[in-house]
Structures are given as structure tokens and as C-alpha cells.
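A.B. asks: Here the protein sequences line up with chains V and P, keeping their order. Quick note on the numbering used here: the first sequence kicks off at 1 and runs consecutively. Quick note on the numbering used here: the second sequence kicks off at 1 and runs consecutively.
No lab work stands behind these hints: they were computed from the structure. Fair warning: there could be bad hints in the mix.
Said to hold, decoys possible - Subject to a maximum C-alpha distance of 35 Å in a straight line, what follows is the list of computed DSBU-like cross-link-like pairs (lysine-lysine):
#1 V/Lys208 with V/Lys91
#2 P/Lys187 with V/Lys22
#3 V/Lys194 with V/Lys208
#4 V/Lys144 with V/Lys208
#5 P/Lys187 with P/Lys9
#6 P/Lys187 with V/Lys300
#7 V/Lys16 with P/Lys9
#8 V/Lys194 with V/Lys164
#9 V/Lys194 with V/Lys144
#10 V/Lys144 with V/Lys164
#11 V/Lys16 with P/Lys14
#12 P/Lys14 with V/Lys303
#13 P/Lys187 with V/Lys303
#14 P/Lys9 with V/Lys22
#15 V/Lys22 with V/Lys303
#16 P/Lys14 with V/Lys22
#17 V/Lys16 with V/Lys300
#18 V/Lys91 with V/Lys194
#19 V/Lys303 with V/Lys16
#20 P/Lys187 with P/Lys14
#21 V/Lys164 with V/Lys91
#22 V/Lys91 with V/Lys144
#23 P/Lys14 with V/Lys300
#24 P/Lys187 with V/Lys16
To be verified - Some chain V residues near chain P, calculated using beta-carbon distances under 7 Å:
#25 Phe13
#26 Phe18
#27 Leu28
#28 Ala49
#29 Gln223
#30 His308
Unchecked claim - Derived DEER-like restraints, expressed as beta-carbon distance ranges:
#31 P/Gly58 with V/Gly177: 45 to 53 Å
#32 P/Tyr64 with V/Ala138: 41 to 49 Å
#33 P/Gly178 with V/Gly108: 37 to 45 Å
#34 P/Asn2 with V/Gly108: 45 to 53 Å
#35 V/Thr270 with P/Asn10: 48 to 56 Å
Computed from a prediction, not measured in an experiment: that's the story for all the values here. A virtual CB, placed ideally from N, CA and C, is assigned to each residue, including glycine.
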Amino acid sequence: MKRIRFSRDTLQFPQKDFDMVKEGVVSLGIITVLVVAVAAIWGAPYRPAVTNQQVALQNPIGIGQEVLGDLDGQGAIASYGPPYNNGWHGKAQSVQSFLGLSPQTWWGTPYHVNTAQADVLIPLQMLATASHNGALTAALHTYKTASYTQQQAWTTAMTNAMGKATVHNGQVVLPSGHYGPVALMVNDEINLAKSGLLSGALDRETNKGVYRWNVQNDLLFLQGQVLPGIANNINMAGGQWGINHDEQAYPGPWWLTPYTFLYQIPPWSTGATGDQTAAYSMGFLFLLLVLVPWIPGLNKLPKLLPVHRVIWRDWYQRLERTGACGQCPLRASCTQEFREQSQAHMGAAETVPSCYLPDESMAYNQNERHRSPGVSTLRTRTD
Amino acid sequence: MNWTQSMRKNVSEKLTWDHLLPSEQPIYVSSLVYSFGVFTLSSLVLCIVSGVVMAAYGPTWYQYSGVGSLFRSVHFWSVQAFFFFMTMHLVGQFFMGSWREGRAFTWVIGAVSFGISVIEAFTGYLSRGDFFSQWNQVQSKDAFNGAGIDGFLNILNNGQVYGLHIAVLPLVLIGLVGWHLVAVRSKGVVPPYQARANAKEGRRS
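Kindly generate the complete structure, drawing on both the sequences and the hints.
C.D. replies: Structural data, given as C-alpha cells:
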């Protein structure tokens, strides 16, 4: 289908001198000086990562609770679901499904984590072997060979006791109770963390090799209670616009503001599928941005808003001075310039004067050149 | 059809010196808004240069040495400048309706470049190796998992995230920005909207 539309070669407008290379070099120079100066004066935000060792030394109960959550399935990752596992005994807590759509589950469990094994039993077995710790070996054997009901009874009793535990000389002191081998296991894992070796044991499970690019299990171990607690203290939790700001007065990734904003309001802030719907919402908004040229109304909005009058004020003032628009013989059709023109409306003319061009009688300043007389071209385009 | 001849014809028509390195421009190009594009590009150059130095010496260097920290700071602030000027450029181009008259695809490439930049910056934040990285990695995993991106990306795998940040996404971004620039230059700067004739007539009467 053939459609007729205006196409104005920008070279047909009056031209002025322009040194693109100089503009680029000067711009790069200005930005370099400014950025290097700001970087030298203010530096950049940096808060050292939190290690298991630090947490174990400062908050051994926190480590103990993480260990118990990983062991009895109450931890967030233990029962997460894909891509880490299929939940705890088949019951997944963190599978998001919006309108029956759950892409999270499409790929199975590519980053498999059985928290009881990966975070507790295997690291403790490594510790027992390395330290010839017979008591720990025996405790692990007792736990592994006990029934699931018995295991849950020990861990539940221990979890409840952790809420009443105190710390004396860095050691967790529990009220008396029936914790079975779990008390020794948890205590030894806290000590393993204090030594600084727990992270290595967790990452060894993730990487299966010498090179440790993947820190998944180390990150997941603390993500239940410890990391959110620290983040909350420095206003970095999700409900505190966390990802949007950085340390103290440093600017953060403010360009994520629309995304972070969603987490402050329902239904994104309250729904079980908040993450999934926030991602889709942002995808939809981004699609709108990409498709602005074709969205009716939105693509005409800048013409209605007066901002372009400010941006091109020099040009419009020039037209005012020269009276170019008032003299344009095709003023009426010019108003439709940005709509598709009908053949009949345009007549047989191949070229028409444009009200964008000033009178040729006007004296241009010496840096301007007029590439062609006051015409814009009509082209036939095949879509 | 001879592909070679066709490509040669297209390139020689669209990539003339007048298009690529113009020494003249239309007189309506007269506003600070036009500087945002070149400032964005300059900031990107600084991001790339500081990033290449950081990649060459490695993450430990830029976290724990004095000179490394300076380069990390330059990288940090050049990213801030890049996003500031890119946002101003985008807003300015919106108000100018810069997709008009055959420039829609130029807008699309620019908008996609913005989106890629957001992901590029996020992977950079995760490569800082500090608490911000640690916290945002565990926080963002639910969004990546929930959206179904977990099939490709394990956001907790620093090897993958770092590789995306220093190689894959920069290559994509540089390609898109180059394409955007060629599109801008081959089409020319979008002309102003139609002047309001009624205001003119009112003034002249």
C-alpha cells in the first residue's frame, strides 16, 4: 500500500557551522574532570560484606537459628521451591504464580539446594573428619538414623529453646530440654562459623570444584533472618526503598525508582506474587516506553505540551521575526504535517513551500547557510 | 540480488561523511537539551575506560587497594553521570517528539539501550563485592526467579553476574549505542514541531 507523507530532509533547513569532533572532545574533557574530581573528593560507597564468622562472633544465636531452619525445613530456602528445590517434603513456600502462570517452575531445580545436607550435615561431617571429633561423628550418626518424627521433635524443641537462649563468653547457653544430638550439632556449626571455615564449606557444596565463582549457598545461608536484620538497621529493607538508595548520603541506583516504588504500595507490597507481578509491571511499562512512537495519544503528547516551545524557542522566535508561518501558502495543510496526507489533499505538487523556512529575504548571520530554497519535499513511500 | 553490492550501496548512501561527521547542522539545533546526548556518550566512555582498568586488575584490587578504590569511585560517579544525562536525554527527546518522520526505530534503539543499561548497572552493583551486593543479590533473586529468568540466570552466581557485567552486556550496549548514533546521524536531527500559525496571525494583525 502506498502512503504519502511529508519527509523533510534536515539538510534543507538553513545550516550553521558545527564541529562535531571538537564538541565530543570538549564534552569528554568536561565530564572526565568533573567525575574524577568528585570521585577524588567523595570516593564511593562501600560497606564490607557480612561474613558468617562476624555474625557467629557477634550473634551466635542468629547462626544457630539459621542452622535449625535449614535442618528442620522451617528456613526460607529449605522450603523455597524452584530453582533451588521442590520445597520441604514436597511443600514449596516461595513459588509465585500469577493468573496460573508460574515461569519460576519451568526450569526445574537447576541450582539445587537441600539445606539440611548442604548447610548443616555435610559441613559438620567435614568438621568431624578434619578434627577427629568422635562426639560430633556420633551425634551426626544418631541424627541421620533417627526417624523423621524424632528429628523434628529435637529440632522443634531446640528452636523453641533458642528463643530463650543467652550468650555467655561467646557460648550459647540453652535451658535444659530434650534436644538429642541437635544441641551438639548446632553448637559445633556455630564454632565452625566462628573459625571462618563455614563459608568455604558452603561454597564447596555449590561449586563442586577448585574455582569458586558461585557464592550461592554462602549468600543463601544468612538470608533468612540475619541479613534482613542488618539491612533493616541501615534502612535498606525492601519496604524502605532498599535497593533504591546506597550508603548514607551517596546516590544509589535512583533509576530503579519506578520499580522500587511498586514495593511500597499494594498489591505489590502485600501480595504473595509481588516479585513476579512487579517484574511484569516493569516489563509492561518498559514496553510502553519502547513503543511510544506508535501509541495513539502518547505519541502526540509532546506536540500538545508546550515544552518543545522552550527547547526550540530560538527557532520559533526566528519564525516570529520573519513571519514565515504567516506567509506560508500551505498553512492549513502544514497543520496536518504529522498525520498521513492523502494524495487528493496534497494535489499534484511534488514540492511545496514549508512554513518552517524563513523568508529568503531575511539576512542570515554569517555562520548560517541555506542549503536549498524554501521547499520541503514530498516523497512517496511504500510501506 | 548481489548482497555485497546491496550492502555497499546502502552503506555508501547512509554513512556519508556528512552523516557521520557533519560540519554543519540545522539552525534549529540550539538548546542545552542537545548536549545531553553527547554528555551521555562521554560518561559512557568514562564508564568503559574505568571499567576496563578495573577488570584488568580484578575485583580484589578495586575493593582493597587505594588506587583501585579511586578507579571504583570514578566508575561509580561516571555511572551516575551516565544515567543522569541519559535520563535527561530521554526526557528531552520525548518532549521533542523525536520519533517523528521516520525516526521511530531510532527511539526504539535508544529505549532498549536504556533498558540494557539498567541491567548492566545492576550487575555492576552486584559486582562491588560489599554488603550492598550481598544484600541486593539475595533480595533480587525472588524477582528474577519469580519472573522465570532463573532458567538462564542464577543471580547468586558471581561468575555469571561478573561475566555479564564486564563482557556480554557492555558488548550489547556498545552495539546498540553505535546503532543509535548511526540512526541519528543518517536521519538527521528531528525538525521542530509546526509553529502555531494562529499565534502568528494574532501578532501580525
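A.B. asks: So, as I understand it, the hint says leucine 28 of chain V touches chain P; can you test that by seeing if any CB pair is closer than 7 Å?
C.D. replies: With a closest approach of 4 Å, the leucine 28 of chain V hint holds.
A.B. asks: Evaluate the given range 41 to 49 Å for the C-beta pair formed by tyrosine 64 of chain P and alanine 138 of chain V.
C.D. replies: holds (43 Å)
A.B. asks: For the pair glycine 178 of chain P and glycine 108 of chain V, does the Cβ-Cβ distance stay inside 37 to 45 Å?
C.D. replies: holds (38 Å)
A.B. asks: With a cut-off of 7 Å on the beta carbons, see whether phenylalanine 13 of chain V makes it to chain P.
C.D. replies: Because about 4 Å separates phenylalanine 13 of chain V from the closest Cβ in chain P, which is inside the 7 Å limit, the hint holds.
A.B. asks: Within 45 to 53 Å or not, the Cβ separation of glycine 58 of chain P and glycine 177 of chain V?
C.D. replies: Given range 45 to 53 Å: holds, Cβ gap about 49 Å.
A.B. asks: Close enough to count: is the Cβ of glutamine 223 of chain V nearer than 7 Å to one in chain P?
C.D. replies: holds (4 Å)
A.B. asks: Does the alpha-carbon distance linking lysine 194 of chain V and lysine 164 of chain V stay inside the 35 Å limit?
C.D. replies: Answer holds: lysine 194 of chain V to lysine 164 of chain V is near 21 Å, not above 35 Å.
A.B. asks: Please verify whether lysine 14 of chain P and lysine 303 of chain V have alpha carbons no more than 35 Å apart.
C.D. replies: holds (29 Å)
A.B. asks: Taken at face value, is the distance from the CA of lysine 194 of chain V to the CA of lysine 91 of chain V at most 35 Å?
C.D. replies: holds (33 Å)
A.B. asks: Holds or violated: are the alpha carbons of lysine 187 of chain P and lysine 9 of chain P at most 35 Å from each other?
C.D. replies: holds (17 Å)
A.B. asks: Would the pair lysine 14 of chain P and lysine 300 of chain V pass a check requiring their Cα atoms to be no farther apart than 35 Å?
C.D. replies: holds (28 Å)
A.B. asks: Hinted pair, alpha-carbon criterion (35 Å max): lysine 16 of chain V, lysine 9 of chain P. Please report holds or violated.
C.D. replies: Satisfied, since the Cα-Cα distance of roughly 29 Å is no more than 35 Å.
The structure meets every hint from the earlier list without exception.
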